[in-house]
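**Q** For reference, the chains in residue letters:
Protein chains: 2
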Amino acid sequence: MKYKFATRANSLKGSEIRELLKLTEMPDIISFAGGLPAPELFPTDKISDLTKEIIDKEGGVALQYSATEGFVVLREIIANERMKLAKVNTTKDNVLITAGSQQAIDFCARLFLNDGDYVICENPSYLGALNVFNTFNAKYLPVEMDDNGMVVESLEAIIKAHPEAKLVYTIPDFQNPTGRTMSVERRKKLVELANKYQLVIMEDNPYGELIFDGERFPSIKSFDTEERVIYMGSFSKTFCPGYRVGWACAADEIIQKMIMLKQVADLQCSTIAQREVAYYMLENPLDEHIADIVKVYKKRRDVMLESIKQYFPSNVKYTFPLGGLFTWVEVDAKLNAADILVDALKQKVAFVPGGAFYPLGDKKNFLRLNYSNMPEDRIVEGIKRLGEVLNSYA
Amino acid sequence: MKYKFATRANSLKGSEIRELLKLTEMPDIISFAGGLPAPELFPTDKISDLTKEIIDKEGGVALQYSATEGFVVLREIIANERMKLAKVNTTKDNVLITAGSQQAIDFCARLFLNDGDYVICENPSYLGALNVFNTFNAKYLPVEMDDNGMVVESLEAIIKAHPEAKLVYTIPDFQNPTGRTMSVERRKKLVELANKYQLVIMEDNPYGELIFDGERFPSIKSFDTEERVIYMGSFSKTFCPGYRVGWACAADEIIQKMIMLKQVADLQCSTIAQREVAYYMLENPLDEHIADIVKVYKKRRDVMLESIKQYFPSNVKYTFPLGGLFTWVEVDAKLNAADILVDALKQKVAFVPGGAFYPLGDKKNFLRLNYSNMPEDRIVEGIKRLGEVLNSYA
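Those protein sequence lines, which keep their order, are chains A and B.
Quick note: the first sequence uses our numbering, first residue -18, plus one each step.
Quick note: the second sequence uses our numbering, first residue -18, plus one each step.
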C-alpha cells in the first residue's frame, strides 16, 4: 500500500458494471442506461441570449464569488414557486442552492451519519445515494416496495429492532430506479413514524414535477409537523442538468449547518449558472417548459411499455410509472441482469442491471430502463432487440 | 437536542467573526477582507459572446450531463499549459476538474483523513482548508514560517514526534494568508521528507500564476519523484471565480479515487461552465489576460505597502508578497485583531483578523489585508483610516 488512504476510501472502487456502462456512450448504442433528460428539448436559444443579457446587466458581478447559500432571486423562486408545487410553505431562508440534488444528499449524509450508522431506504434505491452512504460505511435497513412505494407499514418493526437508526432516505415520486410513487397515506404515516422515533427524512425529489397522469401528490415535507423532513430538489430534469443547480429545503438549524458545509465543500455554486436558471424562470414560465417535456416523455413511456408488452417474454413484469424517467423490469429470478447486459451490448442495446440498486446486493434479476433520452423509433427498436436477448434465455 | 447530528457537525458553527465579516459587503465599506479578484478585469465581453458560440456549435450537449472527470478539452489545456507553467509533466488522465480548488482540498481530506488524524500545515494557514480538516476532527501539527515560507528544516523533528502523521497541506506560492513564498530548497526538502516518511503533500496553488516580481518557482510537484504530491489549481484568481472551475492533478491511483468521490459529491462540474473556460483559452491566450491582471495587482500591492509604511505605526511588521492577493500585518503582541476590526468597521474599513488562520488559535495580533479588489485611491484611504485606528492603541 503506497498511500495510506482513510478507511472510507475503501468504498471508492471501480466496478465491472461501471466499465460496461462506459460502452453505452458510443453513438450507435440504443441506450436505456442513463438517467438523462432529452437534450433536444433544452431551450438553448433562450439560454444563449440570456447569458449576454445577464452580463450586460450585471457585469463582472455575474462572474465573481457570491453568497454561499446561493443567489437570492433563485432561492426566492424556489421557495415561492417550486416548493409551493410540492405543497410546502417556506421562505428563501430555508433554501440552500446545491450542485444538483446529489450534493444535497451528500451534505445530509455528512451532517447526520457517523461511521457505521444505519440508513433506512427503499429496496431498491438510487445508486448515487447508496454510493454516498457507503463512503460513511453506512449499514442499511432496506424496506420492501410495492406499487405504492415503500411499504411504510412494515417500517415500525424495523425501527424497533434498530432503535439507533436516525435517517430515512426516500424518493417518493417516480422513484429511481422503479418509477413507483409513494401513496399519500404512506407519506403521512412516514412523518408520524419520524416524529415518534425522532428520525430525519431525506426526501429526494428530482422527478416530482414530471407528472404524466393525474395530480401530483403532496410532498412528504408538506405533512412535516416537526421539521424533520429535508426536501431535495433539482433543475436537472425540469430544465438542464449541465448547470448543476439543485437545492435543499429544511429547518433553520439544519439549513444553517448545510450552508457551512457548502462553504467547506466548494464555497458556492456557479454565480453565473444560478443567474441563468433564475433569469430564465423570470422571463419564461418553467411550468410551460415542463408541460412540453412531459408531453414528449409521456409518449416515450407509452411507446416503451407497449413495446415491452409486444416484444418481451410474457413472464416479465414491469412497473407503470406515472411520471419521471424510468421503468423497472423484473425477469426470471434465476437470471442475472449483468449477464443480460453483456448480451444486450452485443446487440447494441444498453440498460442498467438492477443489482447495484439493492443496498444489500441480494437481487440480480431486474433491469432499469430509461425512456426519456431516446426517440420513439429507437425505443421500439431497442426494446425489440432486448426482447430477443431475453427470449434467448427462455 | 432535536436533531441527532453526526459528531463532525460540531465543527459547523457560526462565529462572531463570520457575523462581522458580513458587514464588509456593504457598499460604503473599504474592504481588504475578501480574497476577491478585481471584477472590472473579467473579460465579460468575450465571455458573453462565447456562450452563444458554444451553444450554437454544440447545442443541448453543452447543457447536458457530462463526464465526471471533466471536459476533455479543458483537462488537456490544464495538463499541457497550466501544469507546464508549474513545471509538471502530466497528461489529461491525471487531471480532475473540481469546483474550485476548495473542492479538491475537501476531496483530499475525505480521501486521506480518518477521524482525528494529524494534518501538517503552515502556521498560519488558509482558513477554508482548516475548516475542511475540522470536519474530520483533524489534529494539527503547525509548522512555523519565515520569509521563505514553511520552515521545512524544523519539520523532521515534528514528524518523528508524530510518526502517524500522513498529510501535509501547503500553499507554497504567495501563501494565504501571509503572501509568503516557499524557497526552492525547501520545496525539494519537503519532497524528500515526504518520500522518507511516506507522506502525501497537498500543494494548494491558486495564486502561483499571479507573479509580480522575478520568475515563478517550480512547483513542489515538479520535484515529486514518488507521486506523493497532489497539486490543486484554480481559474478563480486567473480568470473568473464565478464559474467554480478548478482542478486536482495527482497520481493515477489517487485521481481515480478522487473521480469516484466527485461522482459521490456532485456528479460533475457544470458542463457549460467548463466549456466557457476552455473555449476562452482556446481563443484568447490566458497568459495575456493574466499579464493584464498582474499589472494592476502589482500596482495595488505597491500602493498598499507604501501606504502602510506611511500611515501605520512604525512598530508594525508586514510581509512583501511577490505575487498573489494578500499581505500579512503583525501588530503589537498584546493587541487582538478581532477588537481592531470592531473599531475599523466604525471607520468603514474591513480586513480579516488573523486568529482564525492559526490552527491552534494561539496568535491574535495579525491582520490579513487583500489588495486585489480595491482601486488605488480606496486602498490609500482605507490604509490611512486603518492607520488611525492602529495609532489609537499606541
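The set of hints was computed from the structure by calculation and includes no laboratory data.
As the structure is a computational prediction, the values presented were derived from the model and not from experiment.
Treat each hint with caution, since some may be false.
What follows is a list of derived Cβ distance ranges for each label pair [stated by the list, open to error]:
#1 K68/A x M7/B: 35 to 41 Å
#2 K169/A x T72/B: 29 to 35 Å
#3 K65/A x K280/B: 46 to 52 Å
#4 T72/B x Y374/A: 40 to 46 Å
#5 A142/A x R(-1)/B: 39 to 45 Å
#6 P144/A x E234/B: 38 to 44 Å
#7 P144/A x K344/B: 54 to 60 Å
#8 L263/A x L66/B: 46 to 52 Å
Below 16 Å or equal to it, Euclidean Cα-Cα: the simulated EDC-like pairs (lysine to aspartate or glutamate) are [unchecked claim]:
#9 K(-15)/B x D26/A
#10 K(-17)/A x E362/B
#11 K(-15)/B x E234/A
#12 K169/A x E207/A
#13 K329/B x E362/B
#14 K73/A x D96/A
#15 K(-6)/A x E362/B
#16 K141/A x E173/A
#17 K33/A x D30/B
#18 K33/B x E207/A
#19 K38/B x D26/A
A short list of chain B residues far from chain A (calculated; beta carbon distances all over 10 Å) [as the list claims (entries may be wrong)]:
#20 V54
#21 E207
#22 L341
Even glycine gets a Cβ: it sits at the ideal position worked out from N, Cα and C.
**Q** For every hint, state whether the structure bears it out.
**A** Going down the list of hints, with the structure as the test:
1. For the pair K68/A and M7/B, the beta carbons lie near 38 Å from each other, so the given range of 35 to 41 Å is met.
2. For K169/A paired with T72/B, a C-beta distance near 55 Å fails the hint of 29 to 35 Å.
3. Checked against the hint of 46 to 52 Å, the C-beta distance between K65/A and K280/B comes to roughly 51 Å, which is consistent with it.
4. At about 43 Å, the beta-carbon gap between T72/B and Y374/A stays in the expected band of 40 to 46 Å.
5. A C-beta distance of roughly 42 Å is found between A142/A and R(-1)/B, which places it inside the suggested range of 39 to 45 Å.
6. Take P144/A and E234/B: their Cβ atoms lie about 40 Å apart, and the range 38 to 44 Å holds.
7. At about 46 Å, the beta-carbon gap between P144/A and K344/B misses the expected band of 54 to 60 Å.
8. Distance hint check: the CB atoms of L263/A and L66/B are about 41 Å apart, inconsistent with the given range 46 to 52 Å.
9. As the CA atoms of K(-15)/B and D26/A are separated by approximately 47 Å, the hinted pair breaks the 16 Å bound.
10. Of the pairs offered as hints, the one joining K(-17)/A and E362/B is violated, with about 54 Å between alpha carbons and a cut-off of 16 Å exceeded.
11. Only pairs whose Cα atoms come within 16 Å are accepted, and K(-15)/B paired with E234/A is accepted, the gap being roughly 12 Å.
12. Proposed proximity of K169/A and E207/A is supported: the alpha carbons are some 13 Å apart, at most 16 Å.
13. For the hint linking K329/B to E362/B, the alpha-carbon distance of about 10 Å falls within 16 Å, and the restraint holds.
14. Proposed proximity of K73/A and D96/A is contradicted: the alpha carbons are some 32 Å apart, above 16 Å.
15. Distance hint between K(-6)/A and E362/B is unfulfilled; the C-alpha atoms sit about 55 Å from each other, more than 16 Å.
16. Simply put, K141/A and E173/A have alpha-carbon atoms about 14 Å apart, close enough for the 16 Å limit, and the pair holds.
17. For the hint pairing K33/A with D30/B, the CA-to-CA distance comes to about 7 Å; that is within 16 Å, so the pair holds.
18. A hinted pair counts as satisfied when its Cα atoms are at most 16 Å apart, and K33/B with E207/A does not qualify at roughly 47 Å.
19. Using a Cα cut-off of 16 Å, the hinted pair K38/B and D26/A holds, with the two alpha carbons roughly 12 Å apart.
20. Listed as outside the interface, V54/B is consistent with that label: its C-beta sits roughly 15 Å from the nearest C-beta of chain A, beyond the 10 Å cut-off.
21. The Cβ of E207/B sits about 8 Å from the closest Cβ of chain A, inside the 10 Å cut-off, so the non-interface label is violated.
22. Non-interface status of L341/B relative to chain A is upheld: no Cβ of that chain comes within 10 Å, the nearest being about 19 Å off.
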